[in-house]
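J.: Sequence:
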Amino acid sequence: MSAHRTTVAGVAVDTRHWIGGQRVASPRTFTDASPIDGAPIGEISRGTADEARAAVAAAKAAFPGWAATPRAERARLLHAIADGVEKRTEELANVETVDNGALLRSHRRGVMPRVAHNFRFFADWLLTLEHEDFATRGHTNHVTWDPAGPCVLITPWNAPLMLATWKVAPALAAGNTVVLKPAEWSPLTASLLADIAAEAGLPAGVLNVVQGYGSEVGDALTSHPDVRRISFTGSVPTAQHIAVSAAANLTPLSLELGGKSPLLVFADADLDLAVDLAVEQYDNAGQVCLAATRLLVEEAVAEEFTRRLVAKAAGLRQGDPRDESTDIGPTIHPRQVAKIDGFVRRALAAGARAVIGGHPGEGQYYAPTLLTDVRQDSEIVQEEVFGPVLTLQTFTSEDEAVHLANDTRFGLAATLATGDPERAERVTARLVAGTVWVNCFFVRDLKAPFGGSRHSGIGREGGTWSFDFYCDLKNTVTAPKGWKDHG
Numbered sequence: 036m037s038a039h040r041t042t043v044a045g046v047a048v049d050t051r052h053w054i055g056g057q058r059v060a061s062p063r064t065f066t067d068a069s070p071i072d073g074a075p076i077g078e079i080s081r082g083t084a085d086e087a088r089a090a091v092a093a094a095k096a097a098f099p100g101w102a103a104t105p106r107a108e109r110a111r112l113l114h115a116i117a118d119g120v121e122k123r124t125e126e127l128a129n130v131e132t133v134d135n136g137a138l139l140r141s142h143r144r145g146v147m148p149r150v151a152h153n154f155r156f157f158a159d160w161l162l163t164l165e166h167e168d169f170a171t172r173g174h175t176n177h178v179t180w181d182p183a184g185p186c187v188l189i190t191p192w193n194a195p196l197m198l199a200t201w202k203v204a205p206a207l208a209a210g211n212t213v214v215l216k217p218a219e220w221s222p223l224t225a226s227l228l229a230d231i232a233a234e235a236g237l238p239a240g241v242l243n244v245v246q247g248y249g250s251e252v253g254d255a256l257t258s259h260p261d262v263r264r265i266s267f268t269g270s271v272p273t274a275q276h277i278a279v280s281a282a283a284n285l286t287p288l289s290l291e292l293g294g295k296s297p298l299l300v301f302a303d304a305d306l307d308l309a310v311d312l313a314v315e316q317y318d319n320a321g322q323v324c325l326a327a328t329r330l331l332v333e334e335a336v337a338e339e340f341t342r343r344l345v346a347k348a349a350g351l352r353q354g355d356p357r358d359e360s361t362d363i364g365p366t367i368h369p370r371q372v373a374k375i376d377g378f379v380r381r382a383l384a385a386g387a388r389a390v391i392g393g394h395p396g397e398g399q400y401y402a403p404t405l406l407t408d409v410r411q412d413s414e415i416v417q418e419e420v421f422g423p424v425l426t427l428q429t430f431t432s433e434d435e436a437v438h439l440a441n442d443t444r445f446g447l448a449a450t451l452a453t454g455d456p457e458r459a460e461r462v463t464a465r466l467v468a469g470t471v472w473v474n475c476f477f478v479r480d481l482k483a484p485f486g487g488s489r490h491s492g493i494g495r496e497g498g499t500w501s502f503d504f505y506c507d508l509k510n511t512v513t514a515p516k517g518w519k520d521h522g
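Residues 36 to 522 in our numbering are what the sequence shown lists, from first letter to last.
Treat the hints as calculated values from the structure; they're not laboratory data.
This list has only true hints and no planted wrong ones.
The calculated DSSO-like cross-link candidates involving lysine-lysine, where the alpha carbons are at most 30 Å apart (straight line), are:
#1 LYS95 x LYS509
#2 LYS482 x LYS122
#3 LYS509 x LYS482
Given only the sequences and the hints, what does the whole structure look like? Please build it.
T.: And the structure:
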């Protein structure tokens, strides 16, 4: 086995960058460890500004040819990438589970199929993308989506391949070239994606992958004058840093950031459904930006809701994510465990009560936690924990429920449980959120816009909104006369 490869769950993964259709090593490396047991799983090439610049140069060189490639051919290649993902679903699922600790059964049945679907959806959407011409005083207006240029895509560690391809697929479909920077805590499936894209016949330089540790690579990419779009999913502080970096070049940004989403439970709701929705927020060890971590329950049913929630949560099995019976896996990194525990300890010291959990387990596992007796202005209510920690507060009226739901700096999502459709309409109209779910959770259609309000982000992606971001929209206005006879 090469010094630049590691074997994970029987799968060989190249640990070098992918730049201009070639593997490129860096003099330094960083260690990638599995959250399952903390064991090292690979030494990853640690990129520098040199590799970042080389990747942008490769993307810039490949852009004219890829932008000129007919839509049908771009779509065919994206479908070929999807075929490759489907062919390697088992390998991708196993590698990602070892690398980021999410459930293997989820990767097999939901995540990797969604990865393939990301490519197929945007390939097909590209072929139907058009705007009806319209007239202005007899002149014809014709709107087109022109490829923008090299795009930098920076992705998080909680759903590495799914969130990467949610950006890569529309960027490539739009005719752009891409430099992908995966999260340093979960870089492996991005490397496998490069292999799959190359095997599918994607031209060299159209997709590049640069791995980094710390901010050196990211800073070099986001400040580069040849980059035409930046899409980032991650924390608010990092987004603020990226925005400053991109400002000098006025590079357009799409930012999907943190959340502190509410789950509003009204007394007329199906309580069993509401409890199921609440327990679902522990999915992926709470490492989900959309998670409704603030449970807001109408006072009349709060005691019964809490009793059922505690009973339901007691049945959750935490352990090795490769085990089919496991419900909650590990936290991604020891630093994240410490961060979560710090939030909980400070909340308890401030008077909160742990109804369940409230402490770490062995290794990188944190016990599913429910905190009550929390103040609306407390840190645990206002700031994103990004772990299996829920808070519970009560309300007595719709107005109070909406006030509590909206009273944070975030606005990514909200979930509502009620048996009254008129109430659902009233309340959802008043909630500040990019996505609102009524009596359901995490139902996402790629045709729909996705993004956050306030500090939860800037912009929307999905369906035509993705092409609006990844393209320069052009309106061509043609006069009704002035043509010469070419007959």
